[in-house]
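Trainee: Each chain is listed here by its residues.
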Amino acid sequence: MNSHMASQATKAETYQISVHDGEAQFTASSTVNLLVAMEQARESVIGVGCRGGGCGKCRIRVLDGDYESKRMSRAWISEEDEAEGIVLACRIFARSDLCIRPEPLPLATGYQPARSVSLSQAELK
Amino acid sequence: MKKGVMRPGHIQLRVLDMEEAVAHYRDLLGLIEVDRDDQGRVYLKGWTEVDKFSVVLREADSAGMDFVGYKCVNEGAVEQLRQELIEYGCKVEDIPEGELKGCGRRVRFDSPTGHLFEIFATKEQTGKWEVGNHNPEAWPRNLTGMKATRFDHCLLYGPNIAGTIDLFREVLGFDLAEQVLDGEGTRLAGFLTVSMKAHDVAFIEHPEPGKLHHASFFLETWEDVLRAADLISMTDTSIDIGPTRHGLTHGKTIYFFDPSGNRSEVFAGGDYHYPDHEPVTWDADKLGKAIFYHDRVLNERFLTVLT
Ligand code: FES
Ligand SMILES: [Fe+2]
Numbered sequence: 002m003n004s005h006m007a008s009q010a011t012k013a014e015t016y017q018i019s020v021h022d023g024e025a026q027f028t029a030s031s032t033v034n035l036l037v038a039m040e041q042a043r044e045s046v047i048g049v050g051c052r053g054g055g056c057g058k059c060r061i062r063v064l065d066g067d068y069e070s071k072r073m074s075r076a077w078i079s080e081e082d083e084a085e086g087i088v089l090a091c092r093i094f095a096r097s098d099l100c101i102r103p104e105p106l107p108l109a110t111g112y113q114p115a116r117s118v119s120l121s122q123a124e125l126k
Numbered sequence: 018m019k020k021g022v023m024r025p026g027h028i029q030l031r032v033l034d035m036e037e038a039v040a041h042y043r044d045l046l047g048l049i050e051v052d053r054d055d056q057g058r059v060y061l062k063g064w065t066e067v068d069k070f071s072v073v074l075r076e077a078d079s080a081g082m083d084f085v086g087y088k089c090v091n092e093g094a095v096e097q098l099r100q101e102l103i104e105y106g107c108k109v110e111d112i113p114e115g116e117l118k119g120c121g122r123r124v125r126f127d128s129p130t131g132h133l134f135e136i137f138a139t140k141e142q143t144g145k146w147e148v149g150n151h152n153p154e155a156w157p158r159n160l161t162g163m164k165a166t167r168f169d170h171c172l173l174y175g176p177n178i179a180g181t182i183d184l185f186r187e188v189l190g191f192d193l194a195e196q197v198l199d200g201e202g203t204r205l206a207g208f209l210t211v212s213m214k215a216h217d218v219a220f221i222e223h224p225e226p227g228k229l230h231h232a233s234f235f236l237e238t239w240e241d242v243l244r245a246a247d248l249i250s251m252t253d254t255s256i257d258i259g260p261t262r263h264g265l266t267h268g269k270t271i272y273f274f275d276p277s278g279n280r281s282e283v284f285a286g287g288d289y290h291y292p293d294h295e296p297v298t299w300d301a302d303k304l305g306k307a308i309f310y311h312d313r314v315l316n317e318r319f320l321t322v323l324t
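Heads up: the sequence lines are chains A and B, in that order. Going by this note's numbering, the first sequence runs without a break in its numbering and finishes at 126. Going by this note's numbering, the second sequence runs without a break in its numbering and finishes at 324.
So these bits of chain B aren't anywhere near chain A, every CB distance computed over 12 Å:
#1 Arg53
#2 Gly149
#3 Leu193
#4 Asp241
#5 Pro260
Covered stretches of chain B, as calculated for chain A (at least 3 residues, CB under 8 Å):
#6 75-83
#7 276-286
To be clear, the hints were calculated from the coordinates, so they are not data collected in a lab. Given the structure is predicted, the values throughout are model-derived calculations rather than measurements. Backbone N, C-alpha and C define an ideal beta-carbon position, used for all residues, glycine too.
Let the hints inform the model, and build the full structure from the sequences given.
Mentor: Have a look at this one:
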């Protein structure tokens with residue numbers, strides 16, 4: 002269950018984030034993105050890259066719980082992924098306790114801005 | 018051999034949220050916002066640049082680079098190079114005057130590494146921002162953030178850099194200033210210049226096509242790089258590494274990320290290049306030192322975090 006960021010959370014809440022296989026657990030404030038919350042807790046279960054939703058390093062699946070999200074690069078998260086709860090940790094904010102699992106992709110081979118047919122501006126995705 | 022290409026002219030970057038991106042490039046880097054267009058693109062430049070703009074931001078559903086363009090001495094050179102690009106086997110497209118506001122016709126072409134490049138010769142010249150070229154003062158007093166002086170270069174990742182480097186040297190007249198070679202003599206990285214600068218563009222071999230590693234902006238001094246680092250902390254901006262020095266080109270640098278995940282660099286100093294200089298070579302087993310001269314090890318992010 003997720004919704005795009007409609008408004009800033011009014012006050013900071015703290016939630017428990019557990020990793021599916023039980024190998025890590027950390028707390029996350031509702032006001033910082035999940036990846037930065039993990040870094041602040043000195044955990045390393047999710048890959049850290051750009052922290053801006055562009056590079057795909059922090060791709061995870063949310064198995065349970067609520068969150069809000071900001072725009073994520075379609076190079077890494079398709080609409081189907083997003084509907085299934087696959088997200089970039091650096092673009093989501095916990096709205097309840099969460100259970101997550103890292104779901105990294107080795108390379109962004111599935112998506113390139115369309116440019117094979119024409120090089121024109123309209124074709125740049 | 019020079020073929021009429023002068024310098025990097027502009028880079029168009031994709032961003033996920035325009036207002037966040039403008040806060041990064043204008044308020045933090047200190048670029049000057051010069052225009053917006055009806056597609057919602059935002060145009061910026063460093064204050065020392067004489068042309069109207071050098072950075073174009075476009076909101077999109079992915080991060081990365083749309084294209085980077087190089088300015089040529091005149092339209093005749095663009096026409097000549099257009100023919101040579103076609104003969105070389107590039108797919109070439111003519112972009113009409115005005116597609117970017119204040120820019121003349123551009124010739125866009127593809128490359129083996131999957132990046133789109135452009136050449137052009139005509140762009141509105143608005144002069145150095147706030148100081149002009151008639152009895153100019155040393156600098157404008159109303160700059161913000163890091164006060165980046167110019168868009169300097171980009172580092173691009175893709176497959177078959179040998180092909181793109183050959184295209185830049187043979188057709189566009191760039192020189193190879195620095196390179197990284199593995200034990201078999203295969204080139205893993207090439208830093209190319211069309212000027213006296215240590216690099217105007219650089220390439221690193223990587224399986225995914227069309228990737229951006231960073232867009233880089235020039236600062237005057239090491240002190241300015243430290244001050245940039247302070248601003249990165251003050252604004253809680255995502256940091257990558259630095260301040261440190263590169264072995265390659267010996268620039269003093271800091272890497273950080275824009276709010277869409279595109280890596281930015283600001284740097285000062287570095288080597289220079291003349292056409293009679295042999296390429297500087299770094300061995301692949303010294304890559305750590307070549308990239309981060311002080312740490313002498315690569316961080317994982319350098320090779321894998323791209324947009
Ligand atoms: S760290 Fe780059 S997308 Fe999250
Ligand atoms: Fe650089």
